Amino acid sequence: MIDKMDQIFVLLQHWLVAFLPLSLQPVASVLLAVVAIVCVFPALFALTTVFERKGLARIQNRIGPNRVGPFGIMQPIADGIKSLTKEDIVPSIANAPVHFLAPVVLVVAVFMGFAVLPMGRNMVLVDMDAGLLFYFAMGASTEVSVFMAGWSSRNKYSLLGAMRAVAQMISYEVVLLLSSVSVVMIAGSLSLTKIVAAQSGYTGIFPHWYIFTPWGLVGFIMYAIAATAETNRSPFDLPEGESELVAGYHTEYSGFKFALFFLGEYLAMFSISGLGTTLFLGGWSAPFSFLTFIPSWIWFFSKLMMSIFVFIWMRGTLPRLRQDQLMNFAWKFVLPLTLLNLMVTALWRFMGEGWARWGVCSAILIAAYILMGRVGMYKEHFGPRRYRYAE
Amino acid sequence: MSPVFYLVSAMTVAGALAAVLLKPLVHCALAVTVAFAGLAFLFLSLDAQFAGFAQILVYIGAVAILIVFAILLTKGSELPRDGVFSRSWLAGVVISAAVFAALGWAILRSAWTLPHEAAVPAVTVHDIGVALVDRYVLPLEIVALLLTAATIGAVIVAMHEKEGAK
Amino acid sequence: MYLFLEDSLLGEGILKGMAETARNFAGSFVSAERLTTVQYPEEREAPAENARVFPFLVFDTADAEAGLRCVACQICEKECPPKCIYIEKSKDKKPDYVGKQQFYPTRFDIDISVCMSCQICVEVCPFEAIKMDTQFELATTDRFGGLLLDRKELSRSNEYYHQIHPTEAAEVDARLAEEKAKADAKAKATADAAAAKAAMPPPAAKAAATEEGAGD
Amino acid sequence: MTPLASYLLVAALVFAIGLAGALVRRNAILVLIGIELMLNAANLNFIAFWRYGPHPEALTGMMFAIFSIAVAAAEAAVGLGLVIAIYRHAQTTDLDKMNRMKG
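Chains as they are written, first to last, in our numbering: chain A, 1 to 391; chain B, 1 to 166; chain C, 1 to 216; chain D, 1 to 103.
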């Protein structure tokens with residue numbers, strides 16, 4: 001029974017596919033999984049928009065949307081109808097084909113990333129040998145779509161915004177990759193299913209998740225920072241800073257194309273949270289050994305929603321960074337610490353079991369963190385803002 | 001050959017042609033991105049997963065963006081008044097046509113002696129990784145050195161000249 | 001050497017902020033007094049006394065036509081920065097609250113789609129005739145006619161003014177009463193003087209006149 | 001036509017187009033794009049020979065392609081850095097106008 005619940009979607013898929021002739025079955029099973037992903041994540045997107053608005057409202061001691069449906073839960077439907085019926089404006093000097101293709105490329109590239117995420121036991125669309133590399137390849141293609149959007153609008157604010165966004169995404173992509181490499185070093189595979197399998201054991205009741213190691217914790221924090229920047233979430237949401245930066249690459253988009261950008265952004269957030277869950281939080285495995293009876297996909301999605309909540313929480317707390325602070329932070333703090341973390345991971349790998357490696361690795365990382373943080377704050381690369389005219 | 005191969009090849013060649021022939025430089029950069037993507041698909045169709053994804057990651061994610069940055073930093077998006085083709089364009093076309101003719105002739109001459117079908121090589125990413133740090137460790141180190149040098153060199157070359165240096 | 005700065009660790013402020021917002025998040029579910037917003041169409045807060053939206057014209061007596069304080073001096077029209085006031089002066093005169101003969105506006109229009117609620121018209125008005133309203137639900141489906149308010153739509157009674165800005169209205173009333181008293185006294189003095197002049201013989205009248213001049 | 005021959009033909013075509021781009025266009029960036037295309041065509045050859053060659057498990061062609069991708073990335077970075085430096089100096093990226101050795 002427990003197994004059946006765990007595998008319910010896999011069994012459902014097999015049952016549905018069995019109705020078709022044998023020659024169509026492989027195509028149909030893939031198609032079915034694709035349809036499931038294409039339905040589930042936009043639905044999650046719709047839910048997340050309303051939860052985000054309600055969460056932010058609660059953080060600011062407000063109630064949030066509560067008009068459409070009970071507790072405002074139907075708000076995304078109203079928003080969807082609104083954006084669908086809005087006029088789709090294409091600037092007359094815009095490069096129309098590129099202007100049209102940019103949001104499409106973005107959404108397609110982001111959707112491709114879901115293909116390699118294991119969302120439960122045996123629930124992965126394609127178990128690729130180079131799954132992680134595939135994910136990052138797809139993530140890299142979103143940069144092109146951002147540039148396409150900014151350039152094809154023929155608006156200098158759009159173009160500047162696009163260049164800003166691309167520079168930000170490239171800078172933090174390095175960190176994202178390097179922090180994931182430490183997991184690859186320990187798990188010994190680029191396949192995400194194998195990475196989850198490597199974390200699925202328990203010591204006593206505690207799981208072998210990579211976040212519960214010194215390098216894993218630092219790697220996870222670095223990954224989370226890079227993921228926040230990569231998905232243009234606050235405090236790195238300069239591409240969306242409409243209040244002070246004329247938004248950015250999607251300034252000239254309206255109606256459904258704008259909604260597509262919005263969708264792409266949220267889907268990227270889901271997929272990057274899913275990847276972080278897979279890499280550091282044990283994917284679909286249960287947090288305690290006595291909780292394994294709960295289906296694996298529930299664990300995956302609850303971890304996903306937890307990370308989404310943290311994203312919302314950060315958005316409600318932190319002010320937006322300036323572009324130079326953003327770049328300084330990436331290249332002068334996060335990147336060096338991630339590189340150091342890589343070395344510490346290698347050390348961890350070769351020191352063998354025991355408490356010694358815990359002590360050594362933690363000591364190196366904590367010392368580096370304190371030192372680099374202090375240096376950075378002292379030199380005002382980051383840390384508290386001081387303005388000459390304000391003193 | 002499957003229709004997918006023809007489709008992807010057509011996309012690659014069309015992208016490459018467009019990259020060479022289109023007038024606005026940004027169009028060229030976008031077209032070359034299409035060509036890179038097509039080549040990545042060709043790699044994938046040759047069962048070279050790792051190389052295909054690395055191609056997408058490096059070429060679409062980095063080189064294409066780099067080209068775009070360079071175009072925008074050099075005001076390359078403005079069309080030059082005296083044409084986009086060089087004065088010696090005819091010679092260039094003749095040379096490349098000759099190169100293609102020579103290559104094509106060689107390929108077609110040997111087409112029937114080339115191996116027909118081969119079993120899909122069972123090479124995992126793990127094998128590639130092991131080979132990289134085992135048999136190919138020296139090239140790997142040299143590439144690492146090269147990349148470091150290139151990074152430093154690119155930064156120095158493109159760095160702002162100090163005031164007074166001019 | 002940077003280890004012993006008075007600054008805290010990097011990231012400590014972020015954690016403090018996160019804790020604060022978490023407290024808000026949880027607290028807003030628990031204690032209702034944390035919630036600062038009002039569910040507007042159903043609940044509304046009484047407008048603040050100093051709230052100001054768009055100007056209106058004050059009238060004193062029961063009749064809006066007769067009691068309008070405005071004397072069509074057109075100062076507000078000249079001073080209005082966005083030029084949203086349009087006044088037509090009357091040809092004839094009628095007595096104002098003091099009893100003095102004054103012009104009155106035959107037309108007084110304010111285009112509230114242009115008005116920027118700066119209150120300059122109120123500041124410059126020497127007759128306390130134009131004041132700021134607190135009524136803000138002025139949405140209309142007719143954006144040209146509906147937002148151009150004429151004299152009739154702009155007229156509000158002094159009682160209404162008392163209702164929305166009690167302190168200010170009381171001050172204004174006191175000032176007006178004082179002025180009226182002064183005017184009355186002056187009128188009475190003039191009337192008395194005229195009466196005395198009529199009654200007195202010529203030399204005495206001359207002396208009274210010099211006295212009056214010294215009194216000025 | 002064997003599969004290998006068709007891949008080689010595509011690679012030859014892309015190589016010729018890249019060569020034409022490098023020779024025909026005036027803009028230095030376009031020349032770099034042409035060179036990138038040529039490198040890519042060579043990579044395709046390596047991968048095709050690896051796939052259909054006698055010893056795919058030796059990974060020679062694959063490794064060559066991977067190293068070539070890495071080197072091409074470095075080449076692009078340095079090349080475009082040079083283009084930007086030249087542009088800053090000469091205010092043009094037109095190769096026909098860069099015909100002086102003196103600055």
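Source of the hints: derived by calculation from the structure; they are not laboratory data. Watch out, some of these pointers could steer you wrong.
Said to hold, decoys possible - Below, a sample of chain B positions facing chain D; criterion: calculated Cβ distance under 8 Å:
(1) 32
(2) 100
(3) 111
(4) 126
(5) 141
As the list claims (entries may be wrong) - What follows is a list of derived Cβ distance ranges for each label pair:
(6) D:99 / A:367: 52 to 58 Å
(7) B:75 / A:331: 56 to 62 Å
(8) B:75 / C:16: 46 to 52 Å
(9) C:16 / B:24: 22 to 28 Å
(10) A:206 / C:20: 47 to 53 Å
(11) A:291 / C:141: 44 to 50 Å
(12) D:99 / B:127: 47 to 53 Å
(13) A:20 / C:20: 52 to 58 Å
(14) B:75 / D:99: 56 to 62 Å
(15) B:24 / A:331: 28 to 34 Å
(16) C:15 / B:127: 22 to 28 Å
Nothing here was measured: the structure is a model prediction, and the numbers come from that model. The C-beta atom is built at its ideal place from N, Cα and C for all residues, glycine as well.
Could you see if the CB distance from residue 75 of chain B to residue 99 of chain D stays within 56 to 62 Å? Violated: the Cβ-Cβ distance is about 20 Å, outside 56 to 62 Å.
Restraint check, 8 Å cut-off on beta carbons, for residue 126 of chain B near chain D: 12 Å, violated
Using the beta carbons of residue 75 of chain B and residue 16 of chain C, state whether their distance is inside 46 to 52 Å or not. 47 Å, holds
Take the C-beta atom of residue 24 of chain B and the C-beta atom of residue 331 of chain A, compute their distance, and say whether it sits inside 28 to 34 Å. Holds, at about 32 Å.
Starting from the range 52 to 58 Å, see whether the pair residue 20 of chain A and residue 20 of chain C falls in it by beta-carbon distance. The hint (52 to 58 Å, Cβ to Cβ) holds, given that residue 20 of chain A and residue 20 of chain C are roughly 56 Å apart.
That 47 to 53 Å hint for residue 99 of chain D and residue 127 of chain B (C-beta), does it hold up? At roughly 51 Å between Cβ atoms, residue 127 of chain B and residue 99 of chain D fall inside 47 to 53 Å, so the hint holds.
Could you check the hint for me, namely that residue 15 of chain C and residue 127 of chain B are 22 to 28 Å apart, CB to CB? For residue 127 of chain B against residue 15 of chain C, whose Cβ atoms are near 44 Å apart, the range 22 to 28 Å is violated.
Satisfaction of the hinted span 44 to 50 Å by the C-beta atoms belonging to residue 291 of chain A and residue 141 of chain C: 59 Å, violated
May I ask you to test the hint 22 to 28 Å on the CB atoms belonging to residue 16 of chain C and residue 24 of chain B? Since the Cβ atoms of residue 16 of chain C and residue 24 of chain B sit about 51 Å apart, the hinted range of 22 to 28 Å is violated.
Less than 8 Å between beta-carbons is the criterion; does residue 141 of chain B satisfy it with respect to chain D? For residue 141 of chain B, the interface hint is violated, since the closest Cβ of chain D sits about 11 Å away, which is over 8 Å.
In this structure, is the beta-carbon distance linking residue 99 of chain D and residue 367 of chain A contained in 52 to 58 Å? Distance hint for residue 99 of chain D, residue 367 of chain A holds at roughly 57 Å.
Does the Cβ-Cβ separation between residue 206 of chain A and residue 20 of chain C fall within 47 to 53 Å? 31 Å, violated
In terms of the numbered hints stated before, the structure departs from hints 4, 5, 7, 9, 10, 11, 14, 16, listed from lowest to highest.
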